[in-house]
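Colleague: Residues per chain are reported as follows:
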Amino acid sequence: MHFDVLFNDFTAYTAGGLVYGAIYALIALGYTMVYGVLQLINFAHSEVFMFGTYAMAWVFVLLHGTEQVQWGLGRAAPILLVSLVAAMLVSGAVALLLERVAYRPLLKKGAPKLICLISAIGASFALSEAMGLRDRFAGWVGLDGKLDNYVSNARNLYANPVDIKPHTFFTVGGYHVSDIDVVIIVAALLMMVALVFFVDKTKFGRGIRAVAQDPESATLMGVNSTRVIQVTFLVGGLMAGAAAMLYMLKIGTTRPNIGFLFGVKAFTAAVMGGIGNLRGALLGGLILGVVENWGSAVFGSDWKDVVSFVLLILILLVRPSGILGEALGKARA
Amino acid sequence: MSTNTASAASTGPVRRFGAWWDSVVDRYNAQPKGAKLAWVVLFAVFFYALPLLRPPIITTDRIDFGGVLFSSAAFALVALGLNIVIGYAGLLDLGYVGFYATGAYTTGVLTAQHWHWPFFLALPLAIAVSMVTGVILGAPTLRVRGDYLAIVTLGFGEIIRLIVTNVDWLGAAGGIKNIPHPNNIGPAPTPPFDPGGLFAIPRLQWNGLIPSIDHTPLHQTHFLVFGALDATPFYWLVLTALILVLIGDRLVKASRVGRAWEATREDEDAAELMGVPTFRYKLLAFALGAAIGGLSGSLYASSQGSFISPQSFPLLLSMLFVAAVIVGGSGNRWGAIAGGVLVAYLPERFRDFADYRLLVFGIALMVLSIWRPQGIFPSTRARRAKAAAEEIEELEEGPAHV
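In the order they appear, the protein sequences are chains A and B. Residues are numbered in this note's numbering as their position in the first sequence, beginning at 1, plus a constant of 16. Residues are numbered in this note's numbering as their position in the second sequence, beginning at 1, plus a constant of 145.
These are computed hints drawn from the structure, not numbers from a lab. For each residue, glycine too, the CB sits at the ideal point set by N, CA and C. You may find that some hints are simply not true.
[What the hints assert, rightly or not] Derived lysine to any residue pairs resembling SDA-like cross-links, with alpha carbons at most 20 Å apart:
id	chain 1	residue 1	chain 2	residue 2
1	A	LYS124	B	ASN311
2	A	LYS129	B	ARG526
3	A	LYS129	B	ALA530
4	A	LYS129	A	LYS320
5	A	LYS266	A	LEU333
6	A	LYS125	B	LEU540
7	A	LYS124	B	GLU538
8	A	LYS320	B	VAL312
9	A	LYS320	B	ASN311
10	A	LYS124	B	VAL312
[As the list claims (entries may be wrong)] Stretch-level coverage of chain B by chain A, calculated; a stretch enters the list once three of its residues show a Cβ under 8 Å from a Cβ in chain A:
id	stretch
11	295-306
12	466-476
Extracted from the complex, chain A is given alone in its bound form (with noise of 0.2 Å):
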């Protein structure tokens, strides 16, 4: 145990943590959303956002090439604003792949719950292979040559071409808050801020309350819940998207597998705030982060992911249906 290690670093290791978290905060409102609404784990939701880290570096390729280069934050930034958005229309889109393909046939037939967890799990192998193998598909249609910069090594680690460069922005205890960290966290902070509102002020937002609430009645009253369901996936992917670019912005490189561990997080994150709340959300995926990076200080980053696990044991253990543990359509009804 090194508890200097954290003491001498603790504001690094704090703000290193709440960049993290406010990723996995992210991620885990697309696992909560569709908790809310549908009582399901979402487990393809982790494929979603590695399919946003991929549009994320594709732009890229797409907009600046493959040149190896580096530039600061304002250099990247118009290049960076498309791939934001490219990144949640991809994701977004997957996800409403994922609802129609995987969970409406099923939610149809009034399937038991665990069946949807299969199909989910299915969803997910599929859609994390479907990446792995992208230079196949592109050499069945004859594209490989043309898209190789796309497609080539498609198991492996896969890179943004422009390595975009931290530089300070301020500084707090004698660490060096980097602009990078600056913007993932606002921009996450936002997110959150424009979905609460969403779903607490908008009609769309009143009717996924209600569908949480109680399905059956809400459709009595007119509130057309696939369009809900749909609408709810949706939102969960352009939240994930989101993350996905913050993630490339902050990271750089991506990978076929890359969503299964971060998924896994997020939904820690989504359980421990209490799944199915926004505020819970938020408040679980920055206690995570933070938590685990100052686990990674004191046991040694072999454990962290050991501590992240036993704090979310810990939490539901005092209280059991998270920390803010409120339903969706409990919210604010």
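Since chain A is already given, all that's left is putting chain B on it; use the hints.
Modeller: This is chain B only, laid out in the frame that chain A set:
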């Protein structure tokens, strides 16, 4: 419920197969007890002989058929154990691989890493350790309900994997090598010429649909030598374990315990009010499931490869286990076995697809869930519930649906 279940039986190959299977089950149930027993024995003998019969179509050419059968049977055993947790007690356990790993590592540590116990001495201890692990995990977490339990167990599976990756005493990332095989029956083999064993059994080879006996010495199975060359004895061992567990499973399910599980699963509060100590029964399900997982892990550790490492126990394996139980038909022991076999066997059978096999597998999971949501072999209870729901629907909606 749904809008078109009443007409569901009419279309689709999976559905037609399902209807056919349901009728087979009904016919079997209608037979007298003696005939039932005869069928079961015949069935068991067939499965023991399977690696020697090597029937065409299902035999895998590219990869050792005995090995495939071994992993199918091992998966079936795991699925049978997980079925107790998910199917009987209704607890979604996404970290079952943790118990599997616990059993495997206990065996590895006792027989190779730190001590040199014989396998059959280590096996009971591996089962016991897994069971205790199950109780330790279950005691605090089983008070958490439903989907929360899923993520807690998922975390637990990952914790076990990270512990074996990081602790040097357990071999760390390198794993444990040279785990001894189970003890042989009959003379031990002496490497160059004498393959050992009491006697040798030849296997069949098929030319199209015409069988003949394959006399190649290398293709013979020696009774009973557990070696690196032939996977068949390992398969027999797992199959025996599977049958024993199956008998135990049947006894427990039909007892007071089984009924308590069913009551807890269907309505925990009602069960508690009726005087069922639900927590204790849930813990029992967890412990029994963990024990069977440990048994399977222990058999895996000492199998042909005699090597385990953290990479052998990814969290993804847990998902496959859950998929096996649910695709097969949660709550039905035969369904769980079929699901386990399917999940292990399909990717091996379709090695021709090589790189595409996981993709195909993922799509197959989706298609199966959509076509037969109750599982391939639904439990009697699920079938009854479905029939009742259809009847109610017909009564309610009447001719509107014709």
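Colleague: Please name the hints from earlier in the document that this structure breaks, with their numbers sorted from lowest to highest.
Modeller: 1, 4, 5 and 10
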